[in-house]
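A.B. asks: Residues per chain are reported as follows:
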Amino acid sequence: MQGSTADTTQNTLATASHTEAGHHGDHPDHRIFGLYMFLVAEAMIFLGLFAAYLTFRSVAQVWPPQGTPELELLLPTVNTVILVSSSFVMNRGNKAIRNNDVKGLRTWFAITAAMGLVFLFGQGYEYFTNEFGLTDNLFTSTFYVLTGFHGLHVTFGLGLILVVLGRSLKQDRYTSESHFGPEAAELYWHFVDIVWIVLFGILYLL
Amino acid sequence: MTSTSVEPKTSPPEPERHWKDFFGFSTDHKVIGIQYFVTSFFFYLLAGLMATGMRIELATPDPDFLGAENYNGVLTLHGTMMIFLWIVPTGAAFANYLIPLMIGAKDMAFPVLNGLAFWLVPPGGVLLLTSLVIDQPPVAGWTSYPPLSLISGEVGEMMWILSVLLLGTSSILGGINFVTTIFKMRIKEMSLYDMPLFCWSMLATSLLILVSTPVLAGALILLSFDLIAGTAFFNPTGGGDPIVYQHMFWFYSHPAVYIMILPVFGLISDILPVHSRKPIFGYKAIAYSSIAIAFLGNIVWAHHMFTSGTPGWLRVFFMAATMIIAVPTGIKVFSWVATVWGGKLRLNSAMLFAIGFVSMFLIGGLSGVMVASVPFDIHVHDTYFIVAHFHYVLFGGSVFGIFAGIYHWFPKMVGRMMNETWGKVHFVLTFIGFNLAFFPMHILGLQGMPRRVVQYDPAFTTLNQVCTVGSLILAVSTLPFLVNAAWSWFKGPIAGANPWNALTLEWQTSSPPIIENFEEEPVLWSGPYDYGVDREQDDDKSVSELLAEVKAQM
Numbered sequence: 001m002q003g004s005t006a007d008t009t010q011n012t013l014a015t016a017s018h019t020e021a022g023h024h025g026d027h028p029d030h031r032i033f034g035l036y037m038f039l040v041a042e043a044m045i046f047l048g049l050f051a052a053y054l055t056f057r058s059v060a061q062v063w064p065p066q067g068t069p070e071l072e073l074l075l076p077t078v079n080t081v082i083l084v085s086s087s088f089v090m091n092r093g094n095k096a097i098r099n100n101d102v103k104g105l106r107t108w109f110a111i112t113a114a115m116g117l118v119f120l121f122g123q124g125y126e127y128f129t130n131e132f133g134l135t136d137n138l139f140t141s142t143f144y145v146l147t148g149f150h151g152l153h154v155t156f157g158l159g160l161i162l163v164v165l166g167r168s169l170k171q172d173r174y175t176s177e178s179h180f181g182p183e184a185a186e187l188y189w190h191f192v193d194i195v196w197i198v199l200f201g202i203l204y205l206l
Numbered sequence: 207m208t209s210t211s212v213e214p215k216t217s218p219p220e221p222e223r224h225w226k227d228f229f230g231f232s233t234d235h236k237v238i239g240i241q242y243f244v245t246s247f248f249f250y251l252l253a254g255l256m257a258t259g260m261r262i263e264l265a266t267p268d269p270d271f272l273g274a275e276n277y278n279g280v281l282t283l284h285g286t287m288m289i290f291l292w293i294v295p296t297g298a299a300f301a302n303y304l305i306p307l308m309i310g311a312k313d314m315a316f317p318v319l320n321g322l323a324f325w326l327v328p329p330g331g332v333l334l335l336t337s338l339v340i341d342q343p344p345v346a347g348w349t350s351y352p353p354l355s356l357i358s359g360e361v362g363e364m365m366w367i368l369s370v371l372l373l374g375t376s377s378i379l380g381g382i383n384f385v386t387t388i389f390k391m392r393i394k395e396m397s398l399y400d401m402p403l404f405c406w407s408m409l410a411t412s413l414l415i416l417v418s419t420p421v422l423a424g425a426l427i428l429l430s431f432d433l434i435a436g437t438a439f440f441n442p443t444g445g446g447d448p449i450v451y452q453h454m455f456w457f458y459s460h461p462a463v464y465i466m467i468l469p470v471f472g473l474i475s476d477i478l479p480v481h482s483r484k485p486i487f488g489y490k491a492i493a494y495s496s497i498a499i500a501f502l503g504n505i506v507w508a509h510h511m512f513t514s515g516t517p518g519w520l521r522v523f524f525m526a527a528t529m530i531i532a533v534p535t536g537i538k539v540f541s542w543v544a545t546v547w548g549g550k551l552r553l554n555s556a557m558l559f560a561i562g563f564v565s566m567f568l569i570g571g572l573s574g575v576m577v578a579s580v581p582f583d584i585h586v587h588d589t590y591f592i593v594a595h596f597h598y599v600l601f602g603g604s605v606f607g608i609f610a611g612i613y614h615w616f617p618k619m620v621g622r623m624m625n626e627t628w629g630k631v632h633f634v635l636t637f638i639g640f641n642l643a644f645f646p647m648h649i650l651g652l653q654g655m656p657r658r659v660v661q662y663d664p665a666f667t668t669l670n671q672v673c674t675v676g677s678l679i680l681a682v683s684t685l686p687f688l689v690n691a692a693w694s695w696f697k698g699p700i701a702g703a704n705p706w707n708a709l710t711l712e713w714q715t716s717s718p719p720i721i722e723n724f725e726e727e728p729v730l731w732s733g734p735y736d737y738g739v740d741r742e743q744d745d746d747k748s749v750s751e752l753l754a755e756v757k758a759q760m
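Protein sequence lines, in the order shown, are assigned to chains A and B. For the first sequence, the residue numbers in my numbering are 1 to 206. For the second sequence, the residue numbers in my numbering are 207 to 760.
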């Protein structure tokens, strides 16, 4: 940013080689970048809620508060396995579309959607059979609010998968070159997955 | 001030859009920017009226104008609206309008998301106003601390929560858009260090928004469960802990003061060099200090809670970290002073407000260092000293800076110049009214007058009356601005593309800019602030002549 006018022009042209900026509206990868920013914000909501839970826990004399029934571990563990493996299944779908295999995309994404549904049903069943309610004590309240908030995110992720599935029925909607939709859905789903692993660890195991 | 428009025109170039475009869903960042401006200014006027009402109430020690109940509602709405519906959205207004122009882009990275982010703001404001209309305003203050907020009227509190959630979502969506636009949409020639400093400050602001706003959302989700579902997260009678709310709230709301002030730092860094005809002093120092402030701003929230039973060792950490923020802030202030030093100053309205900003913000910053220290804070906590401090930062800082920005970029946005005489009247009235209204509050606070009260010890009457007179002058000071803006919008002299002879890219296109901003890709022919750098021989030429020469050489 120094030198004569001509020098400046040369300098600024020289800097162009080491910037990755897109050219005046030519910006192929900005959507994924934006999605990452969105996930940062999402992660911060969960982090805030987790921090609140851990603070309640560390301040309390007895935890979980007296009279809280023991948490059933079998169902949520199975659920965790299902959700985590669904991330790998979904990844197969995205690999397929990178090879221009729309059928593969549909198949793997359909399986992922089914697994997501099973997870949600599992959670619903857990809610239904639990012997404690939302307002029983501080632990049960956080339990329902945290798992419920995560469940909402699973539902939204499931919606994304279904939208991709619907659109993939259209000829040439997704190709090896153009597959932002499946990629975004996958990123979001992984995110939901990672949040669940932390949530499961904090709520059930810790 | 010299006008450098190449050929004289009778009217500014038609921006190819209809006035109705401003009342509907638009994806043009310039339309959205102006929608943000007008909407947030409307709420500024309303919240200002409320402030005037409060000051009239406080002219006498007894509650005889608004009454105790109304006072709490007006107090809460004044704070909430000034913060969430005026200063924060106005930052987004400038960023929307200026960032794509400054980096040579056609639009934001996500135009539809951009429109959506704006259209979350009016419902947020309407919700708050509705609570007032149905006579159930939130009354727990803009912090909504439980347990007070849990027992003070469910309807108004819930409307407050929903409104803040909407406005927070809007600001997160905006933040995503600004970061992506800044990183991904610059013209090829522009490295991060060629960007105008406003882009740097919006980058820091947006990162803060992304990291801190969601935590407030988390707090409000828990608070609303406490309010309507009977949980007890923050309710001590059910085993909950109200201090956790304070931590979550300030984890957002402390960074929020930087979300409000950082964009203005950027505006000022762009305005001072143009009207001093000098390069900015310490470009990189200013850019990095924005990032440093964003980082430090995120780890000092508990300095709002020195009197909330925070353990001593933790208070020492938060005290030290808070005081360190004075370093990057000082770097900025000294850089601004060094920029103006020895320059050919044009003391127009934009410059006056910019200088007013630096001096008033300095006072706010100094009292900030004072309250950062635990022993002093314990003495003045929840007194008028705090009210004085944050009004010096948020009005003396943000609002002065915002007006500087409006006077500076009005010609670009509208295509016409504002009237300088009325601008100066506006400045003088604002400056006098502001200092008269808020400086005595320092003394009131030191003498022990508590904040948030409608009734006070008669010993404080005289100083309170001075504050009230100041606030009335401040209220009146808005009128010359409003008249000026409205008149200049239609009748002001034609501005031309670059009335200030500025070097940043937004001045390379017509005023107002055409729909996709630039007719041809703008040329980066100099740094944003290279005024007079090795170009003494060019002093007589205007920027557009120089630009034509550069283009001919390429």
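Think of the hints as simulated: they come from the structure by calculation, not from any bench. Predicted, not measured: the structure shown is a model, and the values here were computed from it. Watch out, some of these pointers could steer you wrong.
Pairwise CB distance ranges, derived in the manner of DEER restraints [unchecked claim]:
| id | chain 1 | residue 1 | chain 2 | residue 2 | range |
| --- | --- | --- | --- | --- | --- |
| 1 | B | Phe228 | A | Thr55 | 41 to 49 Å |
| 2 | A | Tyr125 | B | Thr233 | 41 to 49 Å |
| 3 | A | Val62 | B | Leu255 | 46 to 54 Å |
Selected chain A positions facing chain B (in silico; Cβ < 7 Å) [stated by the list, open to error]:
| id | residue |
| --- | --- |
| 4 | Ala41 |
| 5 | Ile45 |
| 6 | Leu49 |
| 7 | Leu74 |
| 8 | Leu75 |
| 9 | Thr129 |
| 10 | Phe132 |
| 11 | Leu138 |
| 12 | Gly148 |
Residues of chain A clear of chain B, computed beta-carbon distances all greater than 12 Å [said to hold, decoys possible]:
| id | residue |
| --- | --- |
| 13 | His30 |
| 14 | Leu47 |
| 15 | Gln61 |
| 16 | Thr77 |
| 17 | Val81 |
| 18 | Thr107 |
| 19 | Leu120 |
| 20 | Thr142 |
| 21 | Tyr144 |
| 22 | Ile197 |
| 23 | Tyr204 |
Note that beta-carbon positions come from the ideal geometry of N, C-alpha and C, so glycine has one too.
A.B. asks: If a hint holds in the structure, say so; if it doesn't, say that too.
C.D. replies: Checked hints:
1. Phe228(B) to Thr55(A): 41 to 49 Å: holds, 46 Å
2. Tyr125(A) to Thr233(B): 41 to 49 Å: The hinted range 41 to 49 Å holds for Tyr125(A) and Thr233(B), with Cβ atoms some 44 Å apart.
3. Val62(A) to Leu255(B): 46 to 54 Å: Holds, since Val62(A) and Leu255(B) (Cβ atoms, about 52 Å apart) stay within the stated range.
4. Ala41: Nearest chain B Cβ about 5 Å off; hint holds.
5. Ile45: holds, 4 Å
6. Leu49: Because about 5 Å separates Leu49(A) from the closest Cβ in chain B, which is inside the 7 Å limit, the hint holds.
7. Leu74: violated, 27 Å
8. Leu75: violated, 24 Å
9. Thr129: Violated: closest Cβ of chain B sits about 21 Å from Thr129(A), beyond 7 Å.
10. Phe132: Constraint on Phe132(A) not satisfied, violated at 13 Å.
11. Leu138: holds, 5 Å
12. Gly148: violated, 10 Å
13. His30: At roughly 4 Å from the nearest Cβ of chain B, His30(A) sits no farther out than 12 Å, so the non-interface label is violated.
14. Leu47: violated, 7 Å
15. Gln61: Violated, because the least Cβ-Cβ distance between Gln61(A) and chain B comes to about 10 Å, which does not exceed 12 Å.
16. Thr77: Nearest chain B Cβ is 27 Å from Thr77(A), so the label holds.
17. Val81: Holds: least Cβ distance 28 Å, greater than 12 Å.
18. Thr107: Check passes; 31 Å lies beyond 12 Å.
19. Leu120: holds, 20 Å
20. Thr142: About 7 Å separates Thr142(A) from the closest Cβ of chain B, which leaves it inside 12 Å; violated.
21. Tyr144: At roughly 9 Å from the nearest Cβ of chain B, Tyr144(A) sits no farther out than 12 Å, so the non-interface label is violated.
22. Ile197: holds, 19 Å
23. Tyr204: holds, 20 Å
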